[in-house]
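S.K.: Those protein sequences? They're chains A and B, same order as listed.
FYI, in this note's numbering the residues of the first sequence are 1 to 482.
FYI, in this note's numbering the residues of the second sequence are 1 to 234.
No lab work stands behind these hints, which were simulated from the structure alone.
Keep in mind that the hints are not guaranteed to be accurate.
Listed next, the in silico DSSO-like pairs over lysine-lysine satisfying Cα-Cα at most 30 Å (straight line) [what the hints assert, rightly or not]:
id, chain 1, residue 1, chain 2, residue 2
1, B, Lys181, A, Lys87
2, A, Lys164, B, Lys11
3, B, Lys117, A, Lys370
4, A, Lys369, B, Lys163
5, A, Lys369, B, Lys206
6, B, Lys117, A, Lys165
7, B, Lys230, B, Lys206
8, B, Lys185, B, Lys208
9, B, Lys163, B, Lys11
10, A, Lys366, B, Lys208
11, B, Lys117, A, Lys366
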Amino acid sequence: MGQKITIEPVTRVEGHGKVTIRLDDAGKVTQSRFHVVEFRGFERFVQGRPYWEAPVLVQRLCGICPVSHHLASAKAMDVIVGAGPGKLTATAEKMRRLMHYGQMFQSHALHFFYLASPDFLLGMDADPAVRNVIGLIALDKELATRAVLMRKFGQEIILATAGKKIHGTGAIPGGINKNLSPEERDRFLKGPDPLTIDRMIEWSQAAIDLFRDYHRKNKDLVDRFAEFPSNHLSLVRKDGALDFYHGCLRAVDADGRKVLDDVDYQDYVKHIGEETRSWSYMKFPYLRALGKEDGWYRVGPLARLNTCDYIPSPLAQKEFETYKAYTDGKPNNMSLHSHWARLIELLHSAEVIKELLLDKDLQGTKLVKKGRRAPEGIGLVEAPRGTLFHHYRVNDDDQITMANLIVSTTNNNEPMNRAVNWVAMNVLSEKPEITEGMLNRVEVAIRAYDPCLSCATHALGRMPLEVALVDAAGRVLQRKVR
Amino acid sequence: MSEIRFTIDGKACLAERGQTIVEAAKANGVYIPVLCNYEALKPVGSCRICTVRVAGRYMASCTQPVTEGMAVENTAPDLEDMRKSLIEMLFVEGNHFCPSCEKSGNCELQALGYRYKMMVPRFPYLWPGRALLAGSPLLMLERNRCVQCLRCVRGITSKAGRKVFAAVERGPHVTIEIDPKLAAKLSEEEARRAMDICPVGAILRKEKGFALPIGQRKFDHTPIGSDIEKGTGR
């Protein structure tokens, strides 16, 4: 059969998902697979390009969190121009941090309110015509308005630091191309109301309360849905604090034992392997120390709150303590608790944004630093959905010769497959027919990790997903496409 | 000095003797788009973006001197559509990926695309395969974006007057080459002039990309030609 590979600027990371579920003769699920069927090719077509172009080019991978790619790539290029970790000017590093935490804020708000919350607030079996952000507006206009304004606030931070709300150019190798003017700063501090950082902190706190209230009323669902043990990986600050912009690699197993700790990510290749499987364009990364079979891990909010020791902002730390107490300090392996963790991170992001806005370094004028050139650079950030790896080699003529990107979704490939498998086994197995509600539960599982399958140009909440029931002889019994 | 009286789309204008239509239009606050034309360089009329109509005849206004009583048509719908089609041809003939191009916001071709509201070109993309020349210490020649305007060939010379850039081959096969020996001796200032003289992102200074933030680039706030129409253009 012929194959057609299309690379268009409007396509996106993992833009099309497919789930295949196999049944035995008795109708029991024997296998489920979550496939990503799109080929991207960024690692290939960035080759030959000038290295300073990478932070702007590669961010086109995504329309929800392009800042992550922009910064991970810029951090790798910092190493290339001799201005790696710790060498940027204070203004450059803090502007980038502001950009990143602004992005975390908007992306987490989008992920929870726009994409995930309709399942909770309107119900997983609700009519899909209302189980979306529009339905949310009808249900709770004030909450929906807050969601829109929170996302807007984060986007405005990105605009002020990167020049554009989506796909800006702020970070350049060795620094940043602008500082924050006092006028821009004051707009975020003083408003107009309600677009102030204090209001964002207040609303983030309220979002956590909303989730906790839902959790109290639906404990069984939230705790049991797609719960499975796994390893967890993220960057953490040298002192063990949660840090989205920079840190060392740490991995813990399902019981909290450290598998990796204090690892300089320039050495990530020694610790992370990538396995390919014939049925997906996405690779399957694993911790080399544990091997291909057992070394798969989760990344993202759930993983980050499992790996870090504390959160360096007072309100989020208080929430973190309650969150950790729920699992007696042990790693949390409950997929839907990702949303709880995400909202704690939302609050933390808002607190950090306020701290940065009050920092006079943002008005500094020393923006770029360069040092001794290196042929290879690796940049990592904690993207909204998890750890993001960018790795490049550059020749003497300034052209990129090699790129390796491990995006958050790829890191979560096996966990998402496990989550889908949980739904297959617990919701779909031995059922004669796939109902819309069942199909939605597959999405709920994927969405706990990553909403990017429905990003950018797809209608919100309408993930392009195909579920096929295949019998033991390979016959397709039923197929649902959305 | 005696002045010449002429009109552009019916507007009474004055020109100095020897001025081209483009120069005189500019002096009268009328914008005629140009691409291959560049201040201080002898015009060659190669891109034809500046085509106007005089007495039913089409002419490149960057090379055509104004004559007494000339009635120039500049913004007739068919002329504007022809210009737009020329811009579209330039886009499909090369590989112009504005989203990742460091000249974005300062690019004259992109600015013309916006001015002429180009949404989707009416011609099929050709996707040519062109090599990027990166061997010079200060410059990169990104020929995927070259529109063969020859501004670099005409305007960038060494201290001894030798051309740093040259056009090789002819017609559809023409490519711009860079003299590696002369390029190796370019100063930072000369490299900056080379990048500035290029209307697109074909000549790039190494390690300088994206240093200018969005909002401070040439065409971030007003369309190309606005300065002329407001009488602030040089």
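S.K.: A separate judgement is required for each hint: does it hold in the structure or not?
M.R.: Verification of the hints:
no., hint, verdict
1, B:Lys181 to A:Lys87, "violated (36 Å)"
2, A:Lys164 to B:Lys11, "violated (40 Å)"
3, B:Lys117 to A:Lys370, "violated (40 Å)"
4, A:Lys369 to B:Lys163, "violated (34 Å)"
5, A:Lys369 to B:Lys206, "holds (16 Å)"
6, B:Lys117 to A:Lys165, "holds (23 Å)"
7, B:Lys230 to B:Lys206, "violated (35 Å)"
8, B:Lys185 to B:Lys208, "holds (18 Å)"
9, B:Lys163 to B:Lys11, "violated (41 Å)"
10, A:Lys366 to B:Lys208, "holds (16 Å)"
11, B:Lys117 to A:Lys366, "violated (39 Å)"
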